[in-house]
Amino acid sequence: QKEVEQDPGPLSVPEGAIVSLNCTYSNSAFQYFMWYRQYSRKGPELLMYTYSSGNKEDGRFTAQVDKSSKYISLFIRDSQPSDSATYLCAMEAQKLVFGQGTRLTINP
Amino acid sequence: NAGVTQTPKFQVLKTGQSMTLQCAQDMNHNSMYWYRQDPGMGLRLIYYSASEGTTDKGEVPNGYNVSRLNKREFSLRLESAAPSQTSVYFCASSEVANRGSGQPQHFGDGTRLSIL
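Read top to bottom, the protein sequences are chains A and B. Residues in the first sequence are numbered from 1 upward in steps of one, following my numbering. Residues in the second sequence are numbered from 1 upward in steps of one, following my numbering.
Some hints could be false.
Computed list of lysine-lysine pairs in DSS-like fashion (alpha-carbon distance at most 27 Å, straight line) [to be verified]:
1) A:95 / A:70
2) B:14 / A:2
3) A:67 / A:56
4) B:14 / B:57
5) A:95 / B:57
6) A:42 / A:95
7) B:57 / A:42
8) B:71 / B:57
9) B:9 / B:71
10) A:95 / A:56
11) B:9 / A:42
12) B:14 / A:95
13) A:67 / A:42
14) A:42 / A:56
15) A:2 / A:56
16) A:56 / B:14
17) A:56 / A:70
18) B:14 / A:42
19) B:9 / B:57
20) A:67 / A:2
21) A:2 / A:42
Label pairs and their computed distance ranges (CB to CB) [unchecked claim]:
22) B:99 / A:17: 37 to 45 Å
23) B:84 / A:2: 15 to 23 Å
24) A:56 / B:79: 41 to 49 Å
25) A:3 / B:62: 18 to 26 Å
26) A:103 / B:96: 26 to 34 Å
27) B:19 / A:51: 19 to 27 Å
28) B:28 / A:57: 26 to 34 Å
29) B:73 / A:42: 36 to 44 Å
30) B:54 / A:41: 25 to 33 Å
31) B:61 / A:103: 27 to 35 Å
To be clear, the hints were calculated from the coordinates, so they are not data collected in a lab. Just so you know, even glycine gets a beta-carbon here, dropped at the ideal spot from N, CA and C.
With the rest of the complex left out, here is chain A (with noise of 0.2 Å):
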């Protein structure tokens, strides 16, 4: 079993969508919960990031924490055209371990 599971998709929707982007994982010593943005041929960038539990918001991006479910999530509200991407979550104790990505297509 992976340390952390990612949807792969591909995932589409129209433009105006609210999107949901979710992760699972299986250590209960991830602290620290990052989503990264990856756009085509090009490299990961840092786009949310949570400490423990709870919910911080962006801008129309908000990332919520569940610790006890050991779940994550990314919330992309009224999406656009330039949101298409591959999201990748994070999470680290004693290491940063990355979820496959999911691909994401919002379509105009």
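Based on these hints, arrange chain B on the given structure of chain A.
Showing chain B alone in chain A's frame:
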């Protein structure tokens, strides 16, 4: 503001050839990493350098060597390339090593390597 710079961006090799991938960061970070990214496998850590003068194996080190040349530069060498090493290679850096510090990593734009 360059961040993490990788060279070359693309390379095609024949089986058995050797090659060095270069990486440099200008953020004064202490720690640097090399990953490979393959479809369905996500990012897998090859080697990392927690600080200048140290290197450690990651998840998939076989067939690779690294050199931390100075604080800025971290190179990855394939001594005898194999088709299984066809991949996209990413270099990353962080202020300190990810050993419970929660440091985000900053990535370059990758080197696309094909081995025939």
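To see whether the hints hold, each was checked on the structure:
A distance of roughly 17 Å separates the Cα atoms of residue 95 of chain A and residue 70 of chain A; the hinted pair therefore holds under the 27 Å criterion. This hinted pair does not check out: residue 14 of chain B and residue 2 of chain A have alpha carbons roughly 33 Å apart, beyond 27 Å. Using a Cα cut-off of 27 Å, the hinted pair residue 67 of chain A and residue 56 of chain A holds, with the two alpha carbons roughly 14 Å apart. Restraint check for residue 14 of chain B and residue 57 of chain B: the C-alpha separation of about 26 Å stays at or below 27 Å, so the hint holds.
Straight-line distance between C-alpha atoms of residue 95 of chain A and residue 57 of chain B comes to about 12 Å, which keeps the hinted pair within the 27 Å bound. At most 27 Å may separate the alpha-carbon atoms for a hinted pair to count; residue 42 of chain A and residue 95 of chain A meet this at roughly 23 Å. Among the hinted pairs, residue 57 of chain B with residue 42 of chain A is consistent with the structure: their alpha-carbon atoms are about 25 Å apart, no more than 27 Å. For the given pair, residue 71 of chain B sits about 18 Å from residue 57 of chain B by alpha-carbon distance, which is consistent with the 27 Å threshold.
A C-alpha spacing of about 22 Å is found between residue 9 of chain B and residue 71 of chain B, which places the hinted pair at or below 27 Å, so the restraint holds. With a C-alpha separation of about 22 Å, the suggested pair residue 95 of chain A and residue 56 of chain A falls inside the 27 Å cut-off, and the hint holds. Restraint check for residue 9 of chain B and residue 42 of chain A: satisfied, since their Cα atoms lie roughly 11 Å apart, inside the 27 Å limit. Of the supplied pair hints, the one linking residue 14 of chain B and residue 95 of chain A is violated, its CA atoms being roughly 34 Å apart against a limit of 27 Å.
The suggested pairing of residue 67 of chain A with residue 42 of chain A is violated, with an alpha-carbon distance near 31 Å, which exceeds 27 Å. With a C-alpha separation of about 25 Å, the suggested pairing of residue 42 of chain A with residue 56 of chain A holds against the 27 Å cut-off. Distance restraint check for residue 2 of chain A and residue 56 of chain A: the Cα-Cα separation of roughly 26 Å lies within the 27 Å cut-off, and the hinted pair is therefore satisfied. For the given pair, residue 56 of chain A sits about 48 Å from residue 14 of chain B by alpha-carbon distance, which is inconsistent with the 27 Å threshold.
For the given pair, residue 56 of chain A sits about 17 Å from residue 70 of chain A by alpha-carbon distance, which is consistent with the 27 Å threshold. At most 27 Å may separate the alpha-carbon atoms for a hinted pair to count; residue 14 of chain B and residue 42 of chain A meet this at roughly 25 Å. Taking the CA atoms of residue 9 of chain B and residue 57 of chain B, the gap is about 24 Å. The hint holds against a cut of 27 Å. Between residue 67 of chain A and residue 2 of chain A the CA atoms are separated by roughly 17 Å; this keeps the pair inside 27 Å, and the hint holds.
With a C-alpha separation of about 25 Å, the suggested pair residue 2 of chain A and residue 42 of chain A falls inside the 27 Å cut-off, and the hint holds. Remark: the range hint 37 to 45 Å for residue 99 of chain B to residue 17 of chain A is upheld by a beta-carbon distance near 39 Å. Between residue 84 of chain B and residue 2 of chain A the CB atoms are about 20 Å apart, so this pair conforms to the stated range of 15 to 23 Å. Distance hint check for residue 56 of chain A and residue 79 of chain B: the Cβ-Cβ separation is about 44 Å, which falls inside the suggested range of 41 to 49 Å.
For the pair residue 3 of chain A and residue 62 of chain B, the beta carbons lie near 21 Å from each other, so the given range of 18 to 26 Å is met. Checked against the given bound of 26 to 34 Å, the beta carbons of residue 103 of chain A and residue 96 of chain B, roughly 31 Å apart, stay inside it. At roughly 39 Å, the beta carbons of residue 19 of chain B and residue 51 of chain A sit outside the given window of 19 to 27 Å. Taken as a hint, the range 26 to 34 Å holds for the pair residue 28 of chain B and residue 57 of chain A, whose Cβ atoms sit roughly 30 Å apart.
For the pair residue 73 of chain B and residue 42 of chain A, the beta carbons lie near 21 Å from each other, so the given range of 36 to 44 Å is not met. At roughly 32 Å, the beta-carbon separation of residue 54 of chain B and residue 41 of chain A lies within the given 25 to 33 Å, and the hint holds. Against the hinted window of 27 to 35 Å, the Cβ-Cβ separation of residue 61 of chain B and residue 103 of chain A comes to about 28 Å, which satisfies the hint.
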